[in-house]
Amino acid sequence: MATSQITPITFNARVNLLQVWALNGWHIARYRSAKQKMASWSRQDEMLDNENQLQADHLAGKVSRLKNLAFDIETETKEHNFLLNNVDSDFDGSTGLLSGSSSRIHKMLNRGQSNRKVMCYVSGGLVLIFCICYYLVFVRTQR
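When the letters of the sequence shown are read in order and numbered with the UniProt record's numbering, they come out as residues 1 to 143.
Don't take each hint at face value.
Unchecked claim - The following label-pair restraints were derived from C-beta to C-beta distances:
{"#": "1", "residue 1": "R140", "residue 2": "N85", "range": "16 to 24 Å"}
{"#": "2", "residue 1": "V63", "residue 2": "G96", "range": "45 to 53 Å"}
{"#": "3", "residue 1": "V122", "residue 2": "V87", "range": "26 to 34 Å"}
{"#": "4", "residue 1": "S89", "residue 2": "C120", "range": "30 to 38 Å"}
{"#": "5", "residue 1": "K107", "residue 2": "C133", "range": "45 to 53 Å"}
{"#": "6", "residue 1": "N85", "residue 2": "N50", "range": "49 to 57 Å"}
{"#": "7", "residue 1": "L84", "residue 2": "L128", "range": "32 to 40 Å"}
{"#": "8", "residue 1": "N50", "residue 2": "L83", "range": "48 to 56 Å"}
As the list claims (entries may be wrong) - Derived lysine to any residue pairs resembling SDA-like cross-links, with alpha carbons at most 20 Å apart:
{"#": "9", "residue 1": "K67", "residue 2": "K78"}
{"#": "10", "residue 1": "K117", "residue 2": "I105"}
{"#": "11", "residue 1": "K117", "residue 2": "L128"}
For the record, the hints were derived by calculation from the structure and aren't laboratory data.
We treat Cβ as the ideally placed atom computed from N, Cα and C, and that holds for glycine.
Make a model of the complete structure from these sequences and hints.
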């Protein structure tokens with residue numbers, strides 16, 4: 001029968017065994033460190049995703065406000081175009097009235113001396129009306 005004997009570990013074997021344990025420990029520590037880094041990256045990714053989502057919501061709010069402003073501007077421009085068209089037609093009407101009045105004045109001046117007295121009264125009346133309007137508008141508002 002053979003007996004098994006345990007051979008003593010030599011110094012070189014002990015050093016090799018310590019090196020293996022140290023390397024295994026280093027690998028374990030490295031594995032744990034990598035695992036912690038991955039967990040840290042995962043948390044960082046979640047934080048970045050949350051921040052991106054908040055920024056996207058903020059941007060969506062700004063886009064919505066900008067869209068509302070664009071619609072308001074469109075409405076205002078349509079209203080102003082309508083008003084400008086009305087002003088244009090009003091000016092056309094007043095141009096017709098002024099041209100008619102101008103032609104009547106020219107006819108009256110071309111008729112002769114008999115109407116010059118009437119023309120003097122009309123001119124004086126217009127100056128008087130202008131002075132009264134000036135007084136009512138400017139002098140009364142300064143008090």
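Here's how the hints hold up against the structure:
Against the hinted window of 16 to 24 Å, the Cβ-Cβ separation of R140 and N85 comes to about 35 Å, which falls outside the hint. Separation of V63 from G96 is about 50 Å and conforms to the stated range, judged on CB atoms against 45 to 53 Å. At about 30 Å, the CB distance of V122 to V87 agrees with the hint of 26 to 34 Å. With their beta carbons about 36 Å apart, S89 and C120 fall inside the hinted range of 30 to 38 Å.
Between K107 and C133 the CB atoms are about 27 Å apart, so this pair departs from the stated range of 45 to 53 Å. As the Cβ distance of N85 to N50 is approximately 53 Å, the hint placing it in 49 to 57 Å holds. Between L84 and L128 the beta carbon distance is about 36 Å. The supplied range of 32 to 40 Å therefore holds. Taking 48 to 56 Å as the suggested C-beta distance range, the pair N50 and L83 conforms, at roughly 50 Å.
Among the hinted pairs, K67 with K78 is consistent with the structure: their alpha-carbon atoms are about 17 Å apart, no more than 20 Å. At roughly 13 Å between alpha-carbon atoms, K117 and I105 fall within 20 Å of each other, so this suggested pair holds. A C-alpha spacing of about 17 Å is found between K117 and L128, which places the hinted pair at or below 20 Å, so the restraint holds.
Hint compliance for this structure: hints 1 and 5 are broken, all remaining hints hold.
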